Structure formats: C-alpha cells, structure tokens
Amino acid sequence: FAVNLFAYGSLCIPQAVAAFLRRAVDMVPAHAPGWERGWFVCTDNAASGSYACDHCDGLPDSCRVLGIRPRPESSVLGALITLRHDEVPAIEERERSYRLREIGVCTASGAAVTALAAVPRDEYLCPGRSPAAIPAVYERAFHDAMRALMGDATADITPVAPDVAPRREDLTYVRGDGVTRGRCTCAPAAGAPYLGV
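Taking the numbering used here, the leading residue of the sequence shown gets 1, the next gets one more, and so forth.
Honestly, the hints are just simulated from the structure, not real lab data.
Only a predicted model underlies this, so the values are computations on that prediction, with no experimental measurement involved.
Take the hints with a grain of salt, since some may be wrong.
For each label pair, taking beta carbons as the anchor points, the in silico distance ranges come out as [claimed, not checked]:
{"hint": "1", "residue 1": "Leu-100", "residue 2": "Ala-47", "range": "16 to 22 angstroms"}
{"hint": "2", "residue 1": "Cys-186", "residue 2": "Ala-2", "range": "43 to 49 angstroms"}
{"hint": "3", "residue 1": "Arg-23", "residue 2": "Thr-114", "range": "22 to 28 angstroms"}
Ideal Cβ placement from N, Cα and C applies to all residues, glycine included.
Generate coordinates for the entire structure from the input sequences, incorporating the hints supplied.
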C-alpha cells in the first residue's frame, strides 16, 4: 500500500531520491503548518561519509543539515512524495539522524493529509555539540530543487530559520561511492550567515 512522505530538505531533490530508491518519483508542493525549518541538525559525517573535502579528500567530523521543529506560527513548504510501503525502510536508513513520525500536511489544492516526516533525533541537534559547517553544495541543491518545485513562485518558499553556521564551499557529496577516506583536517572557511530564501 502507499505511504505519503513529506520532504523538506535533501529529499526534495529528485536525483537524490531516485539514487537510493532506484526509481524516479513524482513530487507535488505541500506545506506542513505548525513547523519551522532550519540548519540545526549535526550529522555524524565521519560515520555516514556524506561529504568529503575537495582539498584533502577527508571526511569532516560533522556537517550541519536541515531539520524541522514545532513552531505554531510557522509553516514549512516542501514536497509530498508517494512511496510504496516496502520503501519506508530505505528512507529510515538514509535518514539515520532523524526519526519518521506522522504529521499533518496540506497539499497545494488545500487537501489535508497525514504524511511521514523526518524529525531530528535529540542527539543530533546542534546545541551542545561541536561547531559544524553547512555544506554549500547541499544548500544550493536544496534551493534549486525548491525553485524547480515551485516554478517561478520563489516568494512562496518558506524562509529557512536564520542561522550563524559557516558554509564549506569545498565539500563534495560522496555518499555511497565506496571509497574509504580518512578524517579531514582542513579548517572550514567561515561565510556570512544565510538568513532565508
């Protein structure tokens, strides 16, 4: 049977979803009222091997990525994806820093549906952890995907919560390429804070 998935970060990137599900998916715009999106999740990059440094080919210890958290006056724009029930474990494996939970979502036509969403696990929230940079390649891919989903209606993209994390312009997405890498020892370059779409 079919399962609704609400995507709000890298799962909005069609190529990223197709790569691990091994099939193309249809995405439709949707929003999750009562939630906000921000750069407050620190993944264990050394374990997942998602991003490698272009200079030394090593893995930074952690990277900061998107998450959602409750906020009554906010709403997060994203994509609604229909999965087969047997594809849910693949999502759970990919989103190890999160737990899947059901939330209320509204489609572009105004229909209210229940969907699974990846909500950050407490142990991966940034406060109390060592500083981590946002991979600029991930940030650009996310914004490109959101603009493609919305067409020219970029003004309707829900702003990302303000953040002061530095960007790493020299990181490349490498998850799943099978190459063993050591630890990155390069210092991340601090960039200006990104304040929203």
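Beta-carbon spacing of Arg-23 to Thr-114 - inside the hinted bounds 22 to 28 angstroms or not: holds (23 angstroms)
Does the Cβ pair Leu-100, Ala-47 satisfy 16 to 22 angstroms? Since Leu-100 and Ala-47 have Cβ atoms about 20 angstroms apart, the given range 16 to 22 angstroms holds.
Using the beta carbons of Cys-186 and Ala-2, state whether their distance is inside 43 to 49 angstroms or not. holds (44 angstroms)
The structure shown violates none of the earlier numbered hints.
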